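One letter stands for each residue in the lines below.
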Amino acid sequence: MVTPSPGAGWSREEMAARAARDIPDGAYVNLGIGIPELVARFVPEGRTFLYHTENGLLGMGPPPAPGEEDPELINAGKRPVTMIPGASFFHHADSFAMIRGGHLDVCVLGAMQVSREGDLANWSTGEPGAIPAVGGAMDLVVGVKTVLVLTQHVTKTGEPKIVERCTYPLTGRRVVSRIYTDLAVIEVAREGLRLLETAPGVTEDEVRDKTGAPLA
Amino acid sequence: MVTPSPGAGWSREEMAARAARDIPDGAYVNLGIGIPELVARFVPEGRTFLYHTENGLLGMGPPPAPGEEDPELINAGKRPVTMIPGASFFHHADSFAMIRGGHLDVCVLGAMQVSREGDLANWSTGEPGAIPAVGGAMDLVVGVKTVLVLTQHVTKTGEPKIVERCTYPLTGRRVVSRIYTDLAVIEVAREGLRLLETAPGVTEDEVRDKTGAPLA
Amino acid sequence: MIDKRVGSVAEAVAPVTDGSVVMVGGFGEVGSPIELIHALIDQGAKDLTAVNNNTGNGEVGLAALIGNGRVTRMVCSYPRSSHSKVFPELYRAGRIELELVPQGTLAERIRAGGAGIPAFYTPCSVGTPLAEGKELRDLDGGTYVLERWLRADYALIKCEVADRLGNLTYNKTARNFSPLMCMAAATTIVQARRIVEPGEIDPEHVVTPGIFVDRVVEVPDPLVESRLIAEGRSYPW
Amino acid sequence: MIDKRVGSVAEAVAPVTDGSVVMVGGFGEVGSPIELIHALIDQGAKDLTAVNNNTGNGEVGLAALIGNGRVTRMVCSYPRSSHSKVFPELYRAGRIELELVPQGTLAERIRAGGAGIPAFYTPCSVGTPLAEGKELRDLDGGTYVLERWLRADYALIKCEVADRLGNLTYNKTARNFSPLMCMAAATTIVQARRIVEPGEIDPEHVVTPGIFVDRVVEVPDPLVESRLIAEGRSYPW
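Protein chains in written order, with our numbering: chain A, 1 to 216; chain B, 217 to 432; chain C, 433 to 669; chain D, 670 to 906.
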């Protein structure tokens with residue numbers, strides 16, 4: 001069930017449900033860790049998505065019931081998962097061949113920043129002393145046909161996450177197709193960002209105010 | 217059983233048996249089509265070789281008894297084979313990863329020409345109108361740790377096959393370790409060819425006469 | 433429900449267009465998708481580039497596709513055959529182009545195509561005529577030649593068991609190039625001896641995961657090339 | 670008779686020398702060869718370069734190898750962990766070097782090492798800090814970065830079933846990097862839950878053919894990292 005947002009804008013669940021509506025039936029989908037994982041709970045009626053997890057499983061199912069966990073059946077976030085009938089296991093080179101070779105239809109990722117050109121930063125603040133950790137994100141953004149971003153519209157301190165240029169180290173250049181935030185759905189078009197939809201109770205002006213790049 | 221040669225020099229079987237003596241116990245071995253295949257019949261007492269065939273089988277066994285052929289179990293020469301307990305099947309990229317990656321210990325190949333530096337020509341006469349066909353030979357010669365050549369010492373018309381420089385298109389440069397012919401065993405050393413052994417009834421002078429490059 | 437099954441080989445190969453690059457699984461006759469190839473001959477697509485280790489046998493299967501004039505360019509490692517004159521005759525007559533690729537390089541180029549690797553270096557063919565005109569590079573004390581990925585519009589594949597999600601297993605050495613070609617083609621068309629329900633293939637034993645497969649058709653008793661050749665058959669019958 | 674079995678984990682890791690490059694299988698704790706790692710700690714080899722997707726958890730297994738000061742250089746994609754401070758502390762203190770590699774590039778570099786491919790181009794990391802200083806190349810309308818193979822002196826691997834020829838199968842997502850590392854190491858050392866006779870693993874189901882494996886030791890009930898961590902254990906005990 002989608003939990004409605006307490007105030008204006010979408011809840012995390014509503015954001016995930018909104019993104020899920022844009023994923024076609026039969027798509028091969030990779031979901032990033034965090035909010036993106038919620039997408040699996042909101043597959044629209046009549047559609048089937050097949051989930052890939054880059055540590056070597058296609059046909060990932062929902063989390064197991066408590067006590068049913070198999071310690072050697074995990075996802076990329078290292079959490080226990082299940083598998084559906086018709087699943088398959090493979091090693092990392094084959095798994096990333098699927099990603100890099102363009103065989104996955106959609107991935108949904110979190111973001112620290114997205115630029116007007118679709119550049120994504122989601123792996124490092126670049127601060128000295130921070131332990132850099134990239135995982136599979138750079139492969140996903142260059143390899144998967146459609147990259148969707150699910151993120152809060154602004155940071156905890158109110159700074160825009162959608163910006164003219166990313167100031168954090170990039171994950172990839174010109175890779176994001178659409179951004180789903182608590183306030184809006186924004187398309188990354190050739191000519192720049194386009195506001196497709198606002199959340200209930202959110203005005204276009206509010207979205208523009210909280211966005212660090214022009215919105216058509 | 218080794219069939220002794222009718223005149224001086226070694227028979228094909230004796231050549232194969234002589235080469236087999238130089239292959240260590242436990243070696244992973246790829247045998248080329250033709251005379252090299254005979255090597256499998258002369259594994260020295262107390263040794264085990266594991267045979268790889270580049271079309272995707274490790275642990276190839278002897279040819280099947282008549283009537284026992286499995287049409288989908290063949291070797292690189294497209295002839296029916298068997299498999300031993302502990303065999304494995306894999307696709308061509310994995311098979312050539314074994315070859316190119318240096319995992320095979322020995323391959324035994326036929327030759328049209330071998331040069332004093334160990335260049336091998338065994339795939340094409342380079343004549344106009346000839347259909348060039350290379351198969352896996354170029355991968356084998358660069359990838360396998362030790363490349364042995366089994367060949368008649370001279371061509372059907374009496375020309376040396378061991379030459380100063382190959383005139384036929386090369387399979388690989390500086391790749392051959394040893395040459396086993398009907399007349400002699402010759403090592404390809406850094407400083408040139410070295411005559412290691414002559415067949416019974418064959419003189420060193422005869423070998424030198426029939427060799428198109430200096431023999432130390 | 434995801435269901436990649438189609439009802440006939442004709443339907444399976446229907447989308448192939450003139451000028452396509454078509455990878456064809458098999459090493460000689462072993463693993464060759466003969467029913468799909470014959471359906472493609474019936475379908476009529478021409479000006480094809482065909483990728484296979486060989487050039488077919490007799491006048492059936494791949495040799496028939498070539499013999500019927502549908503292939504203008506062949507990418508392969510071993511175009512000679514003791515059982516076929518189809519390719520040699522067209523080649524000598526200048527009516528078919530040949531790109532000769534060492535077998536391991538062919539396999540690796542196809543894998544690279546499927547894995548999104550546009551180019552790689554290999555030691556294979558360095559110093560031989562097959563490396564002429566190609567970029568060479570010294571790395572870690574060796575000399576290597578740059579090779580490019582190979583991708584296809586279609587792959588025609590024969591497998592042993594498939595499910596409706598497109599997961600595949602093969603039989604023995606019939607596996608050969610097929611798992612690679614499934615990866616490297618935009619549309620992969622498979623004939624399976626048997627189609628089963630998802631889950632019937634153990635997830636540990638899947639050789640080609642369904643993500644690489646688009647269309648699956650059941651052909652329970654595929655023709656055996658060598659038998660057809662022994663009987664002197666040629667396609668179209 | 671070919672027999673790659675050894676009697677103990679101590680014997681299995683005995684040949685590892687100071688300064689070796691050691692690939693360690695596993696994705697987090699799943700597939701991590703914890704008994705072999707502990708045996709390597711006991712064995713004492715130091716100045717190691719370790720290759721793994723992560724940097725271990727708690728103070729056992731790979732984290733213990735690092736924490737005991739045996740690793741001077743780490744090649745990995747994701748060195749952060751919610752369960753370990755071992756690597757971050759050494760890294761911030763400048764006592765361990767880090768080569769950060771995107772996960773797919775790491776996998777492909779290891780495969781390339783095993784497959785004799787010294788370098789390849791990938792689109793991954795282009796335009797990011799991780800491509801800085803690397804050769805870029807435009808191919809077929811895209812921009813790609815040149816990446817080099819990764820090879821090791823030793824691989825430490827955990828598998829499910831092995832035979833004495835070194836054929837291996839894995840369990841579910843514990844497969845991860847292990848089949849690649851088996852290929853890329855000069856000497857591959859494996860701990861198996863179970864060792865069976867040759868032929869007991871179906872030739873169609875072998876994941877790592879024995880040619881890639883050198884030593885196999887049976888560890889029927891491997892320790893579970895997360896349980897040890899929950900118990901607050903650290904190695905050496």
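These are computed hints drawn from the structure, not numbers from a lab.
Be aware that one or more of the hints could be misleading.
[As the list claims (entries may be wrong)] Below, computed lysine-lysine pairings styled on DSS-like, alpha-carbon distance capped at 30 Å:
(1) C:K478 x B:K372
(2) B:K361 x B:K294
(3) A:K156 x A:K210
(4) A:K145 x A:K210
(5) C:K517 x B:K361
(6) C:K478 x C:K517
(7) B:K361 x B:K426
(8) D:K803 x A:K145
(9) B:K372 x B:K294
(10) A:K156 x A:K78
(11) C:K566 x B:K361
(12) D:K803 x A:K156
(13) B:K372 x B:K426
(14) D:K715 x C:K566
(15) D:K754 x D:K715
(16) D:K754 x A:K156
(17) A:K145 x A:K78
Computed from a predicted structure; not experimentally measured.
Checked hints:
For the suggested pair C:K478 and B:K372, the alpha carbons sit about 44 Å apart, so the restraint of at most 30 Å is broken. About 25 Å separates the Cα atoms of B:K361 and B:K294, which keeps this hinted pair within 30 Å; it holds. For the suggested pair A:K156 and A:K210, the alpha carbons sit about 12 Å apart, so the restraint of at most 30 Å is met. With a C-alpha separation of about 28 Å, the suggested pair A:K145 and A:K210 falls inside the 30 Å cut-off, and the hint holds.
Using a Cα cut-off of 30 Å, the hinted pair C:K517 and B:K361 is violated, with the two alpha carbons roughly 37 Å apart. Annotation: proposed proximity of C:K478 to C:K517 holds, straight-line Cα distance about 20 Å (limit 30 Å). Distance hint between B:K361 and B:K426 is fulfilled; the C-alpha atoms sit about 28 Å from each other, no more than 30 Å. Restraint check for D:K803 and A:K145: satisfied, since their Cα atoms lie roughly 25 Å apart, inside the 30 Å limit.
Distance hint between B:K372 and B:K294 is fulfilled; the C-alpha atoms sit about 26 Å from each other, no more than 30 Å. Only pairs whose Cα atoms come within 30 Å are accepted, and A:K156 paired with A:K78 is accepted, the gap being roughly 26 Å. Restraint check for C:K566 and B:K361: the C-alpha separation of about 25 Å stays at or below 30 Å, so the hint holds. Among the hinted pairs, D:K803 with A:K156 is inconsistent with the structure: their alpha-carbon atoms are about 36 Å apart, more than 30 Å.
Only pairs whose Cα atoms come within 30 Å are accepted, and B:K372 paired with B:K426 is accepted, the gap being roughly 13 Å. Proximity of D:K715 to C:K566 is assessed by CA-CA distance (about 43 Å); at most 30 Å being required, the pair is judged violated. Taking the CA atoms of D:K754 and D:K715, the gap is near 20 Å; set against the 30 Å cutoff, the hint holds. Distance restraint check for D:K754 and A:K156: the Cα-Cα separation of roughly 26 Å lies within the 30 Å cut-off, and the hinted pair is therefore satisfied.
Distance restraint check for A:K145 and A:K78: the Cα-Cα separation of roughly 25 Å lies within the 30 Å cut-off, and the hinted pair is therefore satisfied.
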